[in-house]
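Sequence positions in the sequence shown follow the working numbering and run 506 to 630.
Derived by calculation from the structure, the hints in this document are not laboratory data.
There may be inaccurate statements among the hints.
[Stated by the list, open to error] Simulated restraints, written as ranges between beta carbons of each label pair:
1) D509 - Q530: 31 to 37 Å
2) G535 - G594: 28 to 34 Å
3) G617 - D533: 20 to 26 Å
4) V592 - Q619: 19 to 25 Å
5) E511 - M549: 30 to 36 Å
6) G614 - V515: 34 to 40 Å
7) A548 - G527: 34 to 40 Å
Quantities reported herein were computed from a predicted structural model and do not represent experimental measurements.
Glycine included, C-beta positions come from ideal geometry on N, C-alpha and C.
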Amino acid sequence: MSEDYERAEVSWLLRVAENVQGDPQVDDLGPLFAAVCRHQARAMDRDVYQSLLLKASALLHTLVRTPALEHSNQMFAWMVAAAFLDVNGYELSYSPKDAATLVADVEAGRAGVQQIARQLRRWRA
506 MSEDYERAEV SWLLRVAENV QGDPQVDDLG PLFAAVCRHQ ARAMDRDVYQ SLLLKASALL
566 HTLVRTPALE HSNQMFAWMV AAAFLDVNGY ELSYSPKDAA TLVADVEAGR AGVQQIARQL
626 RRWRA
């Protein structure tokens with residue numbers, strides 16, 4: 506899958522952040538670079554995250570667990586993951602409450618990349 510998807514880049518993440526309610530400022534650019542590198546990671550000539558769902562999950566997990574903004578990091582992480590999937594032609598159907606629960610589970614350490622991807626798969630439109 507290494508060539509056939511739209512990758513998230515730091516500049517794109519910053520544009521998504523501009524749309525977060527309350528216009529939070531970036532406190533730390535490091536997590537943005539980490540999220541970009543993580544979802545594109547390769548080992549032994551293979552993508553570490555081999556599906557769009559896993560890539561979106563890695564973005565979400567990284568941005569929730571390593572906050573980049575002064576506030577609203579959970580919302581930002583969700584917006585990034587959902588927009589990444591949308592840009593890549595993967596539509597989701599979910600309730601805001603369910604999305605908030607998933608993100609809260611990530612923040613609390615109850616959901617990792619695999620669990621996030623399973624939930625996103627269930628929400629495929």
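Verification of the supplied hints:
| no. | hint | in the structure |
| --- | --- | --- |
| 1 | D509 - Q530: 31 to 37 Å | holds, 35 Å |
| 2 | G535 - G594: 28 to 34 Å | holds, 30 Å |
| 3 | G617 - D533: 20 to 26 Å | holds, 22 Å |
| 4 | V592 - Q619: 19 to 25 Å | holds, 23 Å |
| 5 | E511 - M549: 30 to 36 Å | violated, 24 Å |
| 6 | G614 - V515: 34 to 40 Å | violated, 26 Å |
| 7 | A548 - G527: 34 to 40 Å | holds, 38 Å |
The structure fails to meet hints 5, 6 from the earlier list, while all remaining hints are met.
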